[in-house]
Amino acid sequence: MKSRFRPTLRLRVTLLNALLLGGAGSLLTFLAWLLVGDAMRPAEHLAEGTQVVLADGREIDAHSWQADLVAIAQTEVLAKGAVAVLAITIVGMVGAYAVVGRALRPLHQVTATAQRLGGETMDQRIHYAGTDDEVAELADTFDAMLDRLAATFTAQQRFVANASHELRTPLAVMRTEVDVTLSDPDAEAPELRRMAVVVRDASERANALVDALLILARSQARTGLRLEPLDLAGGVQGALSAMDNEIRRTNLNVSTRLAPAPVTGDPSLLDR
Numbered sequence: 083m084k085s086r087f088r089p090t091l092r093l094r095v096t097l098l099n100a101l102l103l104g105g106a107g108s109l110l111t112f113l114a115w116l117l118v119g120d121a122m123r124p125a126e127h128l129a130e131g132t133q134v135v136l137a138d139g140r141e142i143d144a145h146s147w148q149a150d151l152v153a154i155a156q157t158e159v160l161a162k163g164a165v166a167v168l169a170i171t172i173v174g175m176v177g178a179y180a181v182v183g184r185a186l187r188p189l190h191q192v193t194a195t196a197q198r199l200g201g202e203t204m205d206q207r208i209h210y211a212g213t214d215d216e217v218a219e220l221a222d223t224f225d226a227m228l229d230r231l232a233a234t235f236t237a238q239q240r241f242v243a244n245a246s247h248e249l250r251t252p253l254a255v256m257r258t259e260v261d262v263t264l265s266d267p268d269a270e271a272p273e274l275r276r277m278a279v280v281v282r283d284a285s286e287r288a289n290a291l292v293d294a295l296l297i298l299a300r301s302q303a304r305t306g307l308r309l310e311p312l313d314l315a316g317g318v319q320g321a322l323s324a325m326d327n328e329i330r331r332t333n334l335n336v337s338t339r340l341a342p343a344p345v346t347g348d349p350s351l352l353d354r
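Mapping of the sequence shown onto this note's numbering: residues 83 to 354, in sequence order.
No lab work stands behind these hints, which were simulated from the structure alone.
The calculated label-pair distances, taken between Cβ atoms and stated as ranges, are: (1) Gln-239 to Leu-274: 37 to 45 Å; (2) Ala-226 to His-190: 18 to 26 Å; (3) Val-173 to Ser-146: 37 to 45 Å; (4) Leu-340 to Arg-240: 26 to 34 Å; (5) Leu-189 to Gln-319: 53 to 61 Å; (6) Pro-344 to Arg-184: 56 to 64 Å; (7) Ala-226 to Arg-308: 26 to 34 Å; (8) Leu-189 to Leu-102: 18 to 26 Å; (9) Leu-231 to Ala-169: 43 to 51 Å; (10) Leu-253 to Leu-322: 20 to 28 Å; (11) Ala-194 to Arg-240: 23 to 31 Å; (12) Ala-321 to Asp-215: 49 to 57 Å; (13) Leu-231 to Gln-319: 34 to 42 Å; (14) Thr-346 to Gln-319: 16 to 24 Å.
Bear in mind that the values here come from a model prediction, so they are computed numbers and not experimental data. Here a beta-carbon is modelled for each residue, glycine too, at the ideal position from N, C-alpha and C.
Make a model of the complete structure from these sequences and hints.
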């Protein structure tokens, strides 16, 4: 099914300009026609029957002569006025089409930029360098919107990367414990209990990571944050305490020398 013809803004403005020019020119031509008829009355105050001698010696009635002059002058005004109005309208249409096209060029840039946008092309911008007018304001606003969209898109990518990275560790711990226990056909209840405890701790850690990632998402959206003064040294000590069982199981020796590190942030997010 063919789409219905839809005139562009450029064409509509051009046609409107032509209509205004044609209307104004026609009005001026009509006023000139009236003025010629009122001004050309040389025999208006002559008595009836007055004769006028023409250059060729002929004598005609003064009032008839006057009517002929007015008719000829008005015809000339209408003919030449129509040509002038037509010429002005055509020139005005061409000029308006060119000027409007130049004025609407940033809008075409906005459209082209929007069509080029994608997951890998969020760096596209208009960078309008024209005069500081409403069109420039529109282009700058569009560029600012693209900056915000690019920041949001980057934050989403970072969130996905953080989620996959942070969840990999507890899931790997659970899988390792299950595989080790299943590989021992003679595993007894204490060993199974120990495995269950490790899996439970890892699942709790995974759950905490999910909560933290949700908080991270809110932080990137700047919503739902609880900011307060904190000391990163205390957070490090708490993280080491949470990993105490894992440290003992792997026979690691962890020593710390922490100095105060005051920051402002969300406690649940910084603990991660």
